[in-house]
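Novice: Sequence order for the protein chains is W and Y. According to the numbering used here, the residues represented by the first sequence are 14 to 198, in order. According to the numbering used here, the residues represented by the second sequence are 14 to 198, in order.
Treat the hints as calculated values from the structure; they're not laboratory data. Fair warning: there could be bad hints in the mix.
You can't tell identical chains apart in this list, so a pair holds if it fits in one copy or across any two.
[As the list claims (entries may be wrong)] Computed cross-link-like contacts, SDA-like style, restricted to lysine to any residue with a CA-CA straight-line distance of at most 20 Å:
1. Lys54 - Asn67
2. Lys111 - Thr24
3. Lys57 - Asn67
4. Lys105 - Asp127
5. Lys57 - Asp127
6. Lys54 - Val65
7. Lys17 - Asp76
8. Lys190 - Ser152
9. Lys17 - Gly61
Residues per chain are reported as follows:
Protein chains: 2
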Amino acid sequence: MSKKILVPLATGFEEIEAVTIIDVLTRAGVNVLTASLDDNKNVKGANGIVVVANYTITQIDVDSLDMIVLPGGWDGTHALTDDENIQSILKKMNEDQKHIGAICAAPFALKQADVLSSNYTCYPSVEEQIKQDGYTDQSKVVQDGKIITSRGPATAICFALHIVKNLVSEQKYQELKGGLLADFC
Amino acid sequence: MSKKILVPLATGFEEIEAVTIIDVLTRAGVNVLTASLDDNKNVKGANGIVVVANYTITQIDVDSLDMIVLPGGWDGTHALTDDENIQSILKKMNEDQKHIGAICAAPFALKQADVLSSNYTCYPSVEEQIKQDGYTDQSKVVQDGKIITSRGPATAICFALHIVKNLVSEQKYQELKGGLLADFC
């Protein structure tokens with residue numbers, strides 16, 4: 014059975030981050046479910062790019078998920094932070110000890126759900142909004158238990174590859190890292 | 014007047030590459046026109062991600078463009094190579110000494126239009142299909158005159174930033190490189 018990951022797409026999501034996560038995880042054979050927060054599945058990102066989500070968030074069977082991964086972008090992050098469905102899913106995934114990922118501004122939404130790990134990273138200065146010790150800027154990707162965080166658009170490939178290593182295999186990680194030409198990860 | 018760039022989206026386009034180009038150029042203040050090759054503006058990429066194009070290719074006023082940039086993906090590249098409108102636009106842009114960009118497999122579509130520069134790069138092994146001397150794998154981005162080529166998904170941010178340096182300014186390049194956390198470019 015292939016692993017199943019939810020990537021919610023909120024209006025104002027950062028497009029490089031969201032698409033990189035979906036693209037790389039799909040290449041790894043993961044079943045990636047994208048979901049809009051409301052009935053409009055055509056979701057506009059922070060830079061005006063419209064991506065069509067496969068589902069609306071209420072259609073998602075949370076128990077079937079192996080992971081949820083949040084793309085950044087400030088407006089998108091605020092929407093994920095304020096959305097009751099997303100906050101509820103984050104808490105449930107954490108209780109069930111499943112993987113949770115967030116990049117760029119999105120660790121802010123994990124903090125709101127009280128699921129942010131002790132050690133984490135995020136987009137520079139977002140840690141001032143998160144107001145929690147344990148922030149580091151010394152690594153593109155930080156894993157603490159089942160929580161994986163990363164920094165911004167240019168770290169999105171390394172973040173997605175790190176998720177592949179956790180959810181799929183070291184072999185698939187190495188294969189995709191080579192195929193994507195991501196020697197800097 | 015902001016610069017105007019065309020990014021054609023053919024079915025099977027590589028999503029990280031296309032979205033990175035559109036995202037970064039939009040951040041730079043460039044007017045990015047995305048265009049489908051036919052009447053269906055919901056275009057599915059190589060990994061199943063559907064992006065909504067702003068225009069269809071026949072709606073584009075070629076004379077108003079400052080540059081055309083082709084994302085890769087093998088199926089997308091073959092479609093760009095076989096499409097009369099795209100091939101005609103590439104030839105016209107080259108005659109008018111405007112910038113042309115292509116990443117990953119897409120330099121193959123430049124070769125078909127006879128506009129590929131003497132020095133170029135592309136996705137590893139695609140040079141065997143292109144069958145033209147001047148290929149290098151020693152640089153993430155190669156510029157030769159007005160033709161800019163790059164290698165694959167993980168070089169897309171550096172490619173897009175290089176275009177910003179050419180079309181906008183060194184200052185905007187530095188600003189975005191910092192903002193995207195792209196210290197490896």
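Novice: With reference to the structure, classify each hint as holding or not holding.
Specialist: Going through the hints against the structure:
1. In this homomeric assembly, Lys54 and Asn67 come within 20 Å of each other (Cα to Cα) both inside a single copy, at 7 Å, and across copies, at 17 Å.
2. For the homomeric pair Lys111 and Thr24, neither the shortest alpha-carbon distance inside one copy (25 Å) nor that between copies (35 Å) is at most 20 Å.
3. Taking the shortest alpha-carbon separations for Lys57 and Asn67, both the intra-copy value of 14 Å and the inter-copy value of 12 Å come in at or below 20 Å.
4. In this assembly of identical chains, Lys105 and Asp127 lie within 20 Å of each other by CA distance solely inside one copy; the values are 11 Å within and 56 Å between copies.
5. With identical chains, the CA atoms of Lys57 and Asp127 are never at most 20 Å apart, being 27 Å at best within one copy and 36 Å at best between copies.
6. For a Cα distance limit of 20 Å, the shortest separation of Lys54 from Val65 qualifies both inside one copy, at 6 Å, and across copies, at 11 Å.
7. In this assembly of identical chains, the alpha carbons of Lys17 and Asp76 lie at most 20 Å apart only when taken from the same copy (10 Å versus 46 Å across copies).
8. Within a single copy, Lys190 and Ser152 get their C-alpha atoms as close as 17 Å, and across copies as close as 18 Å, so both meet the 20 Å cut-off.
9. In this assembly of identical chains, Lys17 and Gly61 lie within 20 Å of each other by CA distance solely across copies; the values are 15 Å between and 28 Å within a copy.
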